[in-house]
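Q: As a plain string of letters, each chain reads:
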Amino acid sequence: MIVADRKSLKEILAMVEDDKKILIAGCKGCVTVCNTGGLKEVEILASSMKIARKKQGNDIDIDINVLERQCDTEYVAGIKDTVEDYDSVISLACGVGPQFLSEMYKDQTFYPGVNTTFFGGATEHGVWEERCAGCGTCGIHNFGGLCPIARCAKSLMNGPCGGSSNGVCEVNKDIECIWDSIVRKKMDAGKIEDLMGVKGIKNWKTARDGGPRKSIREELVQGNI
Amino acid sequence: MSELKSGSNLEKVLNAGHFAFTGECGPPKGANVTHLKEKLNHLKGKVDAVNMTDNQTAVVRMSSLAGSVLMIEEGLEPNFQMVCRDRNRLAMMSDILGAYALGIRNMLCLSGDHQTFGNHPDAKNVHDIDSMQLISMVKKMRDEGKFLNDEDIDVPPKMFIGAACNPFADPYEYRVYRLANKIEAGADFIQTQCIFNMDKFRDFMKKVVDMGLHEKCYILAGVTPMKNAGMANFMSKFVPGMDIPDSLVKRLKSVDKKDQSEEGIKFALEQVEEFKEMEGVAGVHMMAIEWEHMVPEIAERAGVLPRPVV
Ligand code: SF4
Ligand code: SF4
Numbered sequence: 001m002i003v004a005d006r007k008s009l010k011e012i013l014a015m016v017e018d019d020k021k022i023l024i025a026g027c028k029g030c031v032t033v034c035n036t037g038g039l040k041e042v043e044i045l046a047s048s049m050k051i052a053r054k055k056q057g058n059d060i061d062i063d064i065n066v067l068e069r070q071c072d073t074e075y076v077a078g079i080k081d082t083v084e085d086y087d088s089v090i091s092l093a094c095g096v097g098p099q100f101l102s103e104m105y106k107d108q109t110f111y112p113g114v115n116t117t118f119f120g121g122a123t124e125h126g127v128w129e130e131r132c133a134g135c136g137t138c139g140i141h142n143f144g145g146l147c148p149i150a151r152c153a154k155s156l157m158n159g160p161c162g163g164s165s166n167g168v169c170e171v172n173k174d175i176e177c178i179w180d181s182i183v184r185k186k187m188d189a190g191k192i193e194d195l196m197g198v199k200g201i202k203n204w205k206t207a208r209d210g211g212p213r214k215s216i217r218e219e220l221v222q223g224n225i
Numbered sequence: 001m002s003e004l005k006s007g008s009n010l011e012k013v014l015n016a017g018h019f020a021f022t023g024e025c026g027p028p029k030g031a032n033v034t035h036l037k038e039k040l041n042h043l044k045g046k047v048d049a050v051n052m053t054d055n056q057t058a059v060v061r062m063s064s065l066a067g068s069v070l071m072i073e074e075g076l077e078p079n080f081q082m083v084c085r086d087r088n089r090l091a092m093m094s095d096i097l098g099a100y101a102l103g104i105r106n107m108l109c110l111s112g113d114h115q116t117f118g119n120h121p122d123a124k125n126v127h128d129i130d131s132m133q134l135i136s137m138v139k140k141m142r143d144e145g146k147f148l149n150d151e152d153i154d155v156p157p158k159m160f161i162g163a164a165c166n167p168f169a170d171p172y173e174y175r176v177y178r179l180a181n182k183i184e185a186g187a188d189f190i191q192t193q194c195i196f197n198m199d200k201f202r203d204f205m206k207k208v209v210d211m212g213l214h215e216k217c218y219i220l221a222g223v224t225p226m227k228n229a230g231m232a233n234f235m236s237k238f239v240p241g242m243d244i245p246d247s248l249v250k251r252l253k254s255v256d257k258k259d260q261s262e263e264g265i266k267f268a269l270e271q272v273e274e275f276k277e278m279e280g281v282a283g284v285h286m287m288a289i290e291w292e293h294m295v296p297e298i299a300e301r302a303g304v305l306p307r308p309v310v
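Chains as they are written, first to last, in this note's numbering: chain A, 1 to 225; chain B, 1 to 310.
Isolated chain A, as found in the complex (with noise of 0.2 Å):
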């Protein structure tokens, strides 16, 4: 999923520290899952705002409305008869809904409450973790299934570098070194020979690097399925 974080309610009331009455639109969709813009977040900043405003002497109306989905039109479309009614909108969802309501609805303001992070997944209870920079040509099984173009620092593709200790990655300790899992997980399974030549340079242009990217299925757009 992707992984975001809230900002703090600092930032988050500077943005909208002129405005008297906002919506702060959460989203079913990932935050939900990692806990960040989904009902309970909503209500939480929408409180926490509120709370602030009236110790600034300056008492804001805040509405709340948790999409389905953020990330998708016809959801988006389903605030259209209230959305004008609001100085401006928070959006908790990932940076993809701002834009999207931002897209439908031209004359609002909709802030981001969130920093979206990476996609990734929960490794324990409170704690997610990247596994995935969406490079658009996945070769993970190249890798014994982890991915070092996501999760070593400098994107390698053979091997790790001079700084990897311990398990540990030179940036810092926290960050585990993809590189030796990867080799310990060839080493013990008797296949150091898959890690053995030079794998080939990557093709960046299904990355980010090619431009913004389009997924487009036929057999949808023509009504089909």
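These aren't lab readings, by the way, just hints derived from the structure by calculation. Each hint should be verified, as a subset may be incorrect.
No farther apart than 30 Å at their CA atoms in a straight line, the calculated lysine-lysine pairs in the DSS-like style are these [stated by the list, open to error]:
| no. | chain 1 | residue 1 | chain 2 | residue 2 |
| --- | --- | --- | --- | --- |
| 1 | B | Lys37 | B | Lys227 |
| 2 | A | Lys199 | B | Lys200 |
| 3 | B | Lys200 | A | Lys185 |
| 4 | B | Lys5 | A | Lys202 |
Here are some chain B residues pointing at chain A (derived, C-beta under 7 Å) [said to hold, decoys possible]:
| no. | residue |
| --- | --- |
| 5 | Val59 |
| 6 | Arg178 |
| 7 | Gly241 |
Fair warning: this is a prediction, and the values are worked out from it, not measured in the lab. Each residue gets a CB set at the ideal place from its N, CA and C atoms; glycine is no exception.
Take the given structure of chain A and dock chain B with the ligands to it, following the hints.
A: Just chain B with the ligands now, with coordinates in the frame of chain A:
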């Protein structure tokens, strides 16, 4: 004598079977050519080639290409370092052509320390290709006369291709295979990370020799003389991939502070003596960091002078 790939002095020295002795020099943090030339002058005639580092430890300095050219003007032979952190394949290929056009004949292909170590930690890193792929790219440019996209190069760059090897990084058991891959990719010579843990290096070289890698490529053992026990502590803590045994720190501490540099040099000299005899080692890469003026004395005492003229 086999056919020369670049005809650099370093290649000729190694090819003739001499024990090579290379040095290292960091370009200035500015455009201070006078200071750079002063540092280089200490190395003149004392080494076969000098590595010109490329924004080492991710600190911005004068470009290694410009530094290398200034070195040629001073009458020394550069080993032009290139890291994958700061350039994409276009910039790399064009700099390699430029380097060759300006007289550079050796280059060292590296991944590069992560930018968070340096003085612009907020920078975006590149890593379009990795060091292994860089080696094979330079080889392709040289031997096939082609760019990565297979277009012909009008006068290909004939480089003597170097690569780094750190036997002290993990996973240790894999390091010799990584070295084999670099040689397969096209490395003609290897310069190792600074060696302090001699036991481990002896074991590593045994593996290298068992696999016959020393017959496919020249291996230069990395030596850095310690200036004092403080430097040993600092390097062990803050420089990635360093393995500094307690015994060395103890040895440095066992003498008076003012004698610690002499003790550091003695240890380095003992290392050089051992490397001269060690099977598979073709030379020493002396990294006297900001201590270039000591290299003449170290070279003299190491018995590697005069340098062969080939
Ligand atoms: S190889 Fe590319 S697509 Fe596959 S996990 Fe890694 S970044 Fe994602
Ligand atoms: S230490 Fe490991 S994860 Fe970190 S940059 Fe080097 S190879 Fe990549």
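Q: Tell me, in ascending order, the numbers of any earlier hints that this structure violates.
A: 5
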